[in-house]
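Q: Below, each chain spelled out in residue letters.
Protein chains: 4
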Amino acid sequence: MGMPLEVNTMIVTKGKEKRIEGNFFELQKEGYRIYPIDVPVEVRTTKESETNGIAVPSKLIWENNTTIITYELVSLNSSN
Amino acid sequence: MGMPLEVNTMIVTKGKEKRIEGNFFELQKEGYRIYPIDVPVEVRTTKESETNGIAVPSKLIWENNTTIITYELVSLNSSN
Amino acid sequence: MGMPLEVNTMIVTKGKEKRIEGNFFELQKEGYRIYPIDVPVEVRTTKESETNGIAVPSKLIWENNTTIITYELVSLNSSN
Amino acid sequence: MGMPLEVNTMIVTKGKEKRIEGNFFELQKEGYRIYPIDVPVEVRTTKESETNGIAVPSKLIWENNTTIITYELVSLNSSN
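Residue numbers (our numbering), protein chains in the order written: chain A, 1 to 80; chain B, 1 to 80; chain C, 1 to 80; chain D, 1 to 80.
Everything labelled a hint here was simulated from the structure, so no lab data went into it. Treat the hints loosely; a few may be bogus.
The list treats identical chains as interchangeable, and a pair is accepted whether it falls inside one copy or across any two copies.
[Claimed, not checked] Under the rule of at most 27 angstroms between Cα atoms (straight-line distance), these lysine-lysine pairs were calculated in the DSSO-like manner: (1) LYS59 with LYS47; (2) LYS16 with LYS47; (3) LYS29 with LYS14; (4) LYS16 with LYS59; (5) LYS59 with LYS18; (6) LYS59 with LYS29.
Just chain A, with the same shape it has in the complex (with noise of 0.2 angstroms):
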């Protein structure tokens, strides 16, 4: 009689977002994952790879057992 979550601070899209329009993406992720919404968060590509920019997360959908998750890209590493 529980549900498992994921409380995330830091999206880690493994390369797999897809870009929507302009500067928003669309992400899926394995379980049901809490991002913060209009909540300014790191993106990386992998957990231990350097920060690609940050982004604000704008929507989540919970459904069967998948996180899809929208965000807006807001700044880019200009190290990249």
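Once you've looked at the hints, dock chains B, C and D against the given chain A.
A: Quick look at chains B, C and D alone, frame taken from chain A:
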């Protein structure tokens, strides 16, 4: 740098649910809310009313400070 | 960069609860778990057993991948 | 029948943290808040101030609409 949300153990419809198909309903609520997916919870019309039945949340969408929950009504309160 | 946790809508004691004083009990569970504080939930000995009664969680401690919940038993199942 | 809480990706001390021992600090915040345990987060004095450093939350207590967080300061912002 925080996201407010609410953990719910019951679905309170206020009569605003919409039937999608069969026993599946959709309900829009203000703010970001967690209803435990795949965990049976009570459905009531108001917080203080009798139970309408038991439902299993199957999908949550969080966007624009709104939660859209999809749930399947799995049993009806026979005393209703 | 994520913290796993579980949202619970019921207290399953497995007979491991300890009475602190009066109707207050303490229970240790593995992992980080949310029990809704100040919200009445069912208490059961096992997930499949009958309800023992209704409790109101009053305190949660998360540390070392363990949750300690304090709850007040507010009603007993009279059929027990 | 809901419990409000806040998901935090940063520790904002407002100068109210208390050193427990070594690099461990304790901080009391209003309301129920999730800080990701064992996940490094920024520490700031105010939401808008520069980073003081990086901390790892190790313990959370929720009671009486208050959160007490214990964290270990693992790196200091050298520009401070």
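Q: Hint by hint, note whether the structure agrees.
A: A quick look at each hint next to the structure:
1. LYS59 with LYS47: So LYS59 and LYS47 pass the 27 angstroms test inside a copy (22 angstroms) and across (23 angstroms) alike.
2. LYS16 with LYS47: within (14 angstroms within a copy, 32 angstroms between copies)
3. LYS29 with LYS14: within (10 angstroms within a copy, 33 angstroms between copies)
4. LYS16 with LYS59: both (17 angstroms within a copy, 22 angstroms between copies)
5. LYS59 with LYS18: both (14 angstroms within a copy, 22 angstroms between copies)
6. LYS59 with LYS29: both (13 angstroms within a copy, 15 angstroms between copies)
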